[in-house]
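Trainee: Given chain A, put chains B and C in place with the hints provided.
Protein chains in written order, with the working numbering: chain A, 1 to 336; chain B, 337 to 753; chain C, 754 to 964.
Hints listed in this document are in silico derivations from the structure and should not be mistaken for laboratory results. Keep in mind that the hints are not guaranteed to be accurate.
Per the computed footprint, the stretches of chain A lying under chain C, defined by three or more beta-carbons under 8 Å from a beta-carbon of chain C, are [claimed, not checked]:
| hint | segment |
| --- | --- |
| 1 | 153-166 |
| 2 | 181-192 |
| 3 | 299-312 |
Where is the CB? At the ideal position from N, CA and C, for every residue including glycine.
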Amino acid sequence: MSTRAKEILVIIMIVVFSLVFYFRKIAGGKEIIFSNLVAWVLIALLVLSLGLILILTIKGSLIGRRVVFIYVGIVLALPLFMPFTQKITISPEVRSLYEAVEKLPPGSKVLVSFDYDPPSAPELQPMGESFIRLCFQRDFKVIIMGLWPQGPQQANIAIDKILEDPEMQARNLRYGEDYVNLGYQAGNEFVIQRMGSSFKSMFPSDYRGIPYDSMPLVRNIRNFSNIDFSFNLSAGFPGSVEWVQIAVDRYGVELGLGNTAVQAPQMYTYLNSGQVVGLLGGMNGGAEFELLCDYKGKATKFMLSQSFSHMVIIAFIIIGNVAYFLGGRKSALKDK
Amino acid sequence: MKTIGLFRFLPALTSFSIAFFIIFSPALKAQAPDDSLSTTSPDALAVSIAPPTSLVVFDYKYDDGEALELTWVPSVDDLPVVGKVTGYELYRSDNGGEFYKITELIPGSNNFRDEDLSTGVNYVYYIVALSADARAASVKTEAIQTHREWLNFNLKYLFLIALIISASVIYFIETARRGKKLFVRKIAGLEAVDDAIGQATEMGRSILFIPGINDMDEVQTLAAITILGRVSRVVADYDTKIHMPVSRSLVMTAARETIKASYMAAGRPDAYSDDMVHYVTDEQFGYVAAVDAIMVREKPATIFLLGSFFAESLILAETGNSVGAIQIAGTARPAQLPFFIAACDFTLIGEELFAASAYLSGEPKQLGSLKGQDVGKALAMLVILIAVILATISEIRPLETVRYVLDFLIQVFTIKT
Amino acid sequence: MEHFALWLAAFLTLGIISFLYKDNAWYKLTESIFIGLSAGYWMVSLFWDNFYGKFWVNKSESPYLYVGAVLGLLMLLRLVPRIGWISRWPLSFIVGATSGLWLINYFSSNIMKQIEATILPLFSAQFGSGFDAGAAAIIGNLVIVTGTFSGLVYFFFSKEHKGAFGRTAKLGIWIIMITFGASFGYTVMSRMSLFIGRIDFLLSDWLGMIL
Numbered sequence: 001m002s003t004r005a006k007e008i009l010v011i012i013m014i015v016v017f018s019l020v021f022y023f024r025k026i027a028g029g030k031e032i033i034f035s036n037l038v039a040w041v042l043i044a045l046l047v048l049s050l051g052l053i054l055i056l057t058i059k060g061s062l063i064g065r066r067v068v069f070i071y072v073g074i075v076l077a078l079p080l081f082m083p084f085t086q087k088i089t090i091s092p093e094v095r096s097l098y099e100a101v102e103k104l105p106p107g108s109k110v111l112v113s114f115d116y117d118p119p120s121a122p123e124l125q126p127m128g129e130s131f132i133r134l135c136f137q138r139d140f141k142v143i144i145m146g147l148w149p150q151g152p153q154q155a156n157i158a159i160d161k162i163l164e165d166p167e168m169q170a171r172n173l174r175y176g177e178d179y180v181n182l183g184y185q186a187g188n189e190f191v192i193q194r195m196g197s198s199f200k201s202m203f204p205s206d207y208r209g210i211p212y213d214s215m216p217l218v219r220n221i222r223n224f225s226n227i228d229f230s231f232n233l234s235a236g237f238p239g240s241v242e243w244v245q246i247a248v249d250r251y252g253v254e255l256g257l258g259n260t261a262v263q264a265p266q267m268y269t270y271l272n273s274g275q276v277v278g279l280l281g282g283m284n285g286g287a288e289f290e291l292l293c294d295y296k297g298k299a300t301k302f303m304l305s306q307s308f309s310h311m312v313i314i315a316f317i318i319i320g321n322v323a324y325f326l327g328g329r330k331s332a333l334k335d336k
Numbered sequence: 337m338k339t340i341g342l343f344r345f346l347p348a349l350t351s352f353s354i355a356f357f358i359i360f361s362p363a364l365k366a367q368a369p370d371d372s373l374s375t376t377s378p379d380a381l382a383v384s385i386a387p388p389t390s391l392v393v394f395d396y397k398y399d400d401g402e403a404l405e406l407t408w409v410p411s412v413d414d415l416p417v418v419g420k421v422t423g424y425e426l427y428r429s430d431n432g433g434e435f436y437k438i439t440e441l442i443p444g445s446n447n448f449r450d451e452d453l454s455t456g457v458n459y460v461y462y463i464v465a466l467s468a469d470a471r472a473a474s475v476k477t478e479a480i481q482t483h484r485e486w487l488n489f490n491l492k493y494l495f496l497i498a499l500i501i502s503a504s505v506i507y508f509i510e511t512a513r514r515g516k517k518l519f520v521r522k523i524a525g526l527e528a529v530d531d532a533i534g535q536a537t538e539m540g541r542s543i544l545f546i547p548g549i550n551d552m553d554e555v556q557t558l559a560a561i562t563i564l565g566r567v568s569r570v571v572a573d574y575d576t577k578i579h580m581p582v583s584r585s586l587v588m589t590a591a592r593e594t595i596k597a598s599y600m601a602a603g604r605p606d607a608y609s610d611d612m613v614h615y616v617t618d619e620q621f622g623y624v625a626a627v628d629a630i631m632v633r634e635k636p637a638t639i640f641l642l643g644s645f646f647a648e649s650l651i652l653a654e655t656g657n658s659v660g661a662i663q664i665a666g667t668a669r670p671a672q673l674p675f676f677i678a679a680c681d682f683t684l685i686g687e688e689l690f691a692a693s694a695y696l697s698g699e700p701k702q703l704g705s706l707k708g709q710d711v712g713k714a715l716a717m718l719v720i721l722i723a724v725i726l727a728t729i730s731e732i733r734p735l736e737t738v739r740y741v742l743d744f745l746i747q748v749f750t751i752k753t
Numbered sequence: 754m755e756h757f758a759l760w761l762a763a764f765l766t767l768g769i770i771s772f773l774y775k776d777n778a779w780y781k782l783t784e785s786i787f788i789g790l791s792a793g794y795w796m797v798s799l800f801w802d803n804f805y806g807k808f809w810v811n812k813s814e815s816p817y818l819y820v821g822a823v824l825g826l827l828m829l830l831r832l833v834p835r836i837g838w839i840s841r842w843p844l845s846f847i848v849g850a851t852s853g854l855w856l857i858n859y860f861s862s863n864i865m866k867q868i869e870a871t872i873l874p875l876f877s878a879q880f881g882s883g884f885d886a887g888a889a890a891i892i893g894n895l896v897i898v899t900g901t902f903s904g905l906v907y908f909f910f911s912k913e914h915k916g917a918f919g920r921t922a923k924l925g926i927w928i929i930m931i932t933f934g935a936s937f938g939y940t941v942m943s944r945m946s947l948f949i950g951r952i953d954f955l956l957s958d959w960l961g962m963i964l
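In isolation and in its complexed conformation, chain A is listed as follows (with noise of 0.2 Å):
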């Protein structure tokens, strides 16, 4: 059979497949978990196969990228459909976040900033749901900006998510009083130093149009000094940089962090300083900090496929060091 032959063979299952389980979904399928069983035989499956490219490599036949994409991509997708649950121990920096937030009384005014877009909303959708979530059980007062332009869009969809909860719908939260939507400001830092004397001059009105003014939670916040605890969601700049050395450098304001695993380690120096107070870094963060708010979200279902892929890619890079060396130093992949 000719590669495009393969190709187009490959496309149409594709498309049976999906076409197959989203009419199974529409008609009110549901969630498929796999036994004990068949979970443990897939996992022994995956070790031997691994075992198996190993003693390859030892021979000397490489394997080719797409096998290591293939490879990731299965123990990605497999641990969704197990059964068990991933053992999570909580770092200092989330615990340390964790008690900063619960000294606060109720009341306390909690700024929250949701500096990122879609495309890192896996890592740090989940660390704004369970802190918002959070701060409501606290009857704490929330309010939220951005300063990226889908920052609080994603922010919306966080409350939504909260929100269906039941139990924060016996709360009765009202918008504008528990808490608030500022928006999108552009400006990047000089947001954050505008803000150290005017949160209302970077924020005249939330991003719905409702005035500032008229908004009794924030109508008395006129600049950092009247907020209790910063956090920020951080994906970049402008980010977690600038809030620390604009809003707790200058302003001396009392934050936490949630960032991006890649961004995370920068961000030990301010933690070990003592610029910000607790550190929630990538998934392993979120999932921590939701083991701690004693909420399972998204997190936390998706650590034991962080696990699973992080035990793949300990294999292959004993493979492809294995191979580097054998090889006399060359390559360790076949189509380099």
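Mentor: Below, chains B and C alone, put in the same frame as chain A:
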């Protein structure tokens, strides 16, 4: 052109004045409009909770005369969990007028900074503790006025150190201008630039130059454009093809000017075309998708990834690696460096990017800045060394002089907000 | 409509993922849609947030905004080659203002505060606690102090890396590389999270195979 001379100093002038204002003008604040504050008359004293005591008000130091600082001892009934106090209300009277509520505070509060005040007005305060069914007011404060200070002495050490470093930058720039050769250590990876371009020429393939995804206000982008000047000069000499997709319109114009100047200098202005540099999109991953596709389709022999990168760094470097290009990368974003180191042949780590830019351009301004910053680094190393030794000694044996010097050093580097 | 939106999102997601197999027409289509859409989005967003939201709405309140508007107009003069050089004036303003602001912020956050945080008694958990630190705390202190110091040595450009200075610089680059390794691990996690996000969309929102 006369104007050129003036605008050369404009950035320096603006940045200096802004820095000066930030340091020295506590008054650098926007005029916030008056909030609608409720006016209520003073409360009758209730007896079932104790009032806050020792309410003290004093002028907030180093500001434009618009803030007062208040501290008090919370009510004895204000205890975590079991306490009766549900919050506080703070009242103020201006110039002997009626008292009105200026803010509500949460239990446990013991201080407040009242802002947006005016000079020449007499302010009197009192604070009320609230419980579910009672209120207890403190004694009123003495009348007080705000004071305006011109200089913020909280930042005096910061100013001093900035002054030392700035002065050494200026000194070294002037030294370089006078033609004295300034030593900069060899930077690994720089020699590779010419070889990489040579190889692209031999293979008859193009060179891809990616200047990061930040705009021209990012110093890393500026460094990348400086290095582009050198790269495009060699490219023009060798008659190699250069391709530069960018994600910012300003970067596009700056890059076009730079490459054009290089082609002119090489005496081949006709070989230059505006198409060498083109704008793609501001959207991070949209830009990545386009650049990846260019890499796969054009299969450039050499790829430069210099400037400010974010999450796209690994995707770009990995794709470049997969098409077998020689890759020379450099960024000062610590989070992105690991990927460049893993996937590229040569990486300029952090400040090496700026050093390379200074080294290649030989420009007095850049060389002088680099040397000036070295003075700053030497200072930092010295302070860390001395202070750590002193700190360790003072823990072993508490000597008064050691402690005194140590406290002074810590105080110098502590920034009060 | 909802069905169409779901299928379109799935079609585009799979189109981008298909690049892992090889560059193909499906990917090219998806890529072009993404680039066109994002360029358009940014243009509209910048217009409404900056020009309309910042200038047009507030222009009567603050006359200073006209200064910014004029600088913005000057920037557009680049389109006229003969007087294009005028556009360098607003550019100078941007570069100057940004560096002025950042000079102070970087100085206080990344230099002063970090030096302050590096001043540690090596064998104590904190100041005034005497010789009480456990092995972990001592190692932690040593890593922070030597790491910062040797890192600074590595980035010192006025001296050739030779002798003791060179060895310290070497230690510096080793510590930097170890930091990078940890950072790399974090990024693997980040990338996996993004991929899980997409797989979750495909398997949950689109096909309903999981919750």
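Trainee: Work down the list of hints and note, for each, if the structure agrees.
Mentor: Here is what the structure says about each hint:
1. Counting residues of the segment 153-166 of chain A whose CB lies closer than 8 Å to any CB of chain C gives 0, so the stated coverage by that chain is violated, three being the minimum.
2. Only residues whose C-beta sits within less than 8 Å of a C-beta in chain C count toward coverage, and the segment 181-192 of chain A has 6 of them, enough to reach three; the restraint holds.
3. With a cut-off of 8 Å between beta carbons, the segment 299-312 of chain A has 5 residues touching chain C; three or more are needed, and the interface restraint holds.
Against the hints set out earlier in the document, a violation occurs for number 1 only.
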